[in-house]
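Work the whole structure out from these sequences, hints included.
2 protein chains.
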Amino acid sequence: MSAQARVPRYLERLTPVPEALRAIRAAVKPVDGKERLPVWEAVGRVVAEPVAAEYDFPPRPRAAYDGYAVRSADTPGRLRLVGEATIGKVDVGVRVEPGTAVYVSTGAYLPEGADTVVPEEVVKVEDGYIVVDREFQPGKNIDPVGSYVRRGQVLLEPGRVLTELDVVGLLEVAVTEVTVYRSVNVAIIATGTELFEPRDPREARERILRGEVAETTAKLVESLVRRYAPWSRVVWRVLLPDDVDAIAWYLTRQTQGVDVVVLTGGTGPSDVDPFYQLAGKLGGRVLFRGLFVKGGRPTSAMVLPGGPLVVALSGHPVSALHGFLRLLYPVLKHLGNVTRAAEPPLQAVARLTAPVRSKRPQPVKVRLRVARDGMLEAEPLPYERQLSSVTVSNVEADGIAVMREARVYDEGELVPVHVYREPEGAGD
Amino acid sequence: MSAQARVPRYLERLTPVPEALRAIRAAVKPVDGKERLPVWEAVGRVVAEPVAAEYDFPPRPRAAYDGYAVRSADTPGRLRLVGEATIGKVDVGVRVEPGTAVYVSTGAYLPEGADTVVPEEVVKVEDGYIVVDREFQPGKNIDPVGSYVRRGQVLLEPGRVLTELDVVGLLEVAVTEVTVYRSVNVAIIATGTELFEPRDPREARERILRGEVAETTAKLVESLVRRYAPWSRVVWRVLLPDDVDAIAWYLTRQTQGVDVVVLTGGTGPSDVDPFYQLAGKLGGRVLFRGLFVKGGRPTSAMVLPGGPLVVALSGHPVSALHGFLRLLYPVLKHLGNVTRAAEPPLQAVARLTAPVRSKRPQPVKVRLRVARDGMLEAEPLPYERQLSSVTVSNVEADGIAVMREARVYDEGELVPVHVYREPEGAGD
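Taken in order, these protein sequences are the chains called A and B.
The first sequence maps to residues 0 to 427 in our numbering.
The second sequence maps to residues 0 to 427 in our numbering.
Honestly, the hints are just simulated from the structure, not real lab data.
Everything numeric in this text was worked out from a predicted model, so none of it was measured.
Just so you know, not all the hints are guaranteed correct.
As the list makes no split between identical chains, a pair holds if one copy fits it or if it spans any two.
Stated by the list, open to error - Using 25 Å as the maximum straight-line C-alpha spacing, the simulated DSS-like pairs for lysine-lysine come out as follows:
hint, residue 1, residue 2
1, Lys139, Lys358
2, Lys139, Lys293
3, Lys293, Lys280
4, Lys280, Lys139
5, Lys280, Lys28
6, Lys28, Lys139
7, Lys293, Lys358
8, Lys33, Lys139
9, Lys280, Lys358
Have a look at this one:
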């Protein structure tokens, strides 16, 4: 228990989140490698060059409704049915001459000669003829050339994360390739001599009762990264004891191509601060050591010489989740050049059903329900179930409300929530 | 174009969503197979039997803070440091005798003899001794036996989908196994003679310009099922032409063990309604044909004799997404015995920035931003960009607001939103 004067004391100065983020953004550059991919392989990746339409689309007029392509001058009238033009064929092979009609399905290119589409519900079909009982103006039920998008029109700006629905939209207008940034490579080290990787339920039960701890925090972080930061790739995850030499070996010898190493646990106090020990051993530059938050206080970051950024998160699962939401997620956005991500981890906003006193920014375990007005309501768990050491209370909660400020939040205030369970009363 | 009198007309009666759901719930039973799994392999699965704590936890008193385990009767005082008890060891191997102290880290079992923990910040350490300058009551900074959970206490009720955070909570208290329902087996058939599976960007571009359509709807449905209904397993997905015989062959010969087959596309009007043709061919019982909604009107369902439920969704991506949100997702919950799912697809609630006139329940493409009060705001895209045929407008939107009712929604009303892009102004 001897004190070492050479290294700063554990968490002697807590850094506010915005300052911590500024320090990382100033110290570490985003990835700059780019690659060109088929759009259907680029979901979750970050657009690196503006994605523009290459053609007016549709390139020819298309039917916007199921019905009959005719000449407007022939309406009203009785018209001979001469064929059909279904979606999937540009070369319709049939022309609409005066007095004739061609069946068209929505999205089919309009046959030559036609200038309007009569919806099928309003015609009578009789023996190879259709009867149109009113006049149709030219252009009715037709999507003209370029009506969806004009050639050169920018569809996605750099920094956007490509979503499934973006892919749908791009493929409609024949944009089949995009230039994206390379993935951000993430490695995860769970540290803690008390940890074990559970493999057999009976053995795991006995070890937990003996006082060992099943590793879940690093796995949680991995799943958060995969789900919410798909422009990142978790290249490896490993479990290590609280052994500064072993961790240092990993950080120097196993991090080729890795952009950020996430450490979970092992960040707590001890006689010699292991984070500063690591920094000293490896010549790392500590950006901050300790966050001004309540859950995730040991969150820290350093840059290794010529190597990756190292972000240390708490070993407590909900504190690590808070560290992910407040720090790691924005850092991954920065590293990945992301300006607009896909589905975010803090998607919902909820109304507090009780006041919350936040001496520091903090996560609050909440029960969630849909109120009568359709709004989401967040009811904080009682104080004694909030403690980061009591992780079993996660099963009582449905989400984590994030208090970004150190102040009293009133009942009825709106707060962002990470939802991990469907709110009560969500209905169909 | 001849009409067949024997089958009902295409979408001659549209069924409201609640009625459609009732019909399916009445016709198809949830899965009843169960299996016992290690909790770490059960994320996303549905709890089938109450999960109860098997032990009081902690089973022995634990330190709730990093500091020194001492006898309260010895405080204040100068105490000899005789060892440490770190987390991970139940057999501490050291006893706190009068006049001594043992260093403990948070979560460590308390050494015999001690009845209070003095936080390390408030002691002076000098040469093998600690100095405690005030009195500490018994039980201070200690989690007593059973304080997290009592033996027999139910932690998760049947019907809950197990989340990552539930696993964290269960493993803390030595619950290492759960009984879950078997997965719901889902097969997906994309139908449409105009469709192709894109493989090469250049070839795909040419085919799209020729009028063919890259298949994206079934892939979107697959990714929605995987993401939001993890208690389901997509066992296969296949692309077929609009050929009733080929679809029928798949439905009868390739559906062993499949609980629900999702058809996308091929549900639109034609001279003979293909859905009724299929039902007639296979002896299927049509539950409803056509939903009373604006996007996804052709959504339909039938039950095959002795076989799976068949749910047909629109071929338009956003309409299929709407069909997923309103119909398929609740159906998968029903089939899977789910009462509380995990992260839901309609998680966020947003305030409309403009009125929306919904003649039928419908999806509305919206831009999303975080307003100054922290609330999510949804701005509907202009009417002409809403049309289901204009899928390129997905790149302009950030989410899909769901209007569950046929009425005018006022500016400022709250609506549920499927968020697929991070809202503007979400900040850190």
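Here is how each hint holds up against the structure:
{"no.": "1", "hint": "Lys139 with Lys358", "in the structure": "between (63 Å within a copy, 22 Å between copies)"}
{"no.": "2", "hint": "Lys139 with Lys293", "in the structure": "between (62 Å within a copy, 20 Å between copies)"}
{"no.": "3", "hint": "Lys293 with Lys280", "in the structure": "neither (29 Å within a copy, 64 Å between copies)"}
{"no.": "4", "hint": "Lys280 with Lys139", "in the structure": "neither (75 Å within a copy, 38 Å between copies)"}
{"no.": "5", "hint": "Lys280 with Lys28", "in the structure": "within (24 Å within a copy, 62 Å between copies)"}
{"no.": "6", "hint": "Lys28 with Lys139", "in the structure": "neither (54 Å within a copy, 47 Å between copies)"}
{"no.": "7", "hint": "Lys293 with Lys358", "in the structure": "within (8 Å within a copy, 49 Å between copies)"}
{"no.": "8", "hint": "Lys33 with Lys139", "in the structure": "neither (45 Å within a copy, 57 Å between copies)"}
{"no.": "9", "hint": "Lys280 with Lys358", "in the structure": "neither (35 Å within a copy, 68 Å between copies)"}
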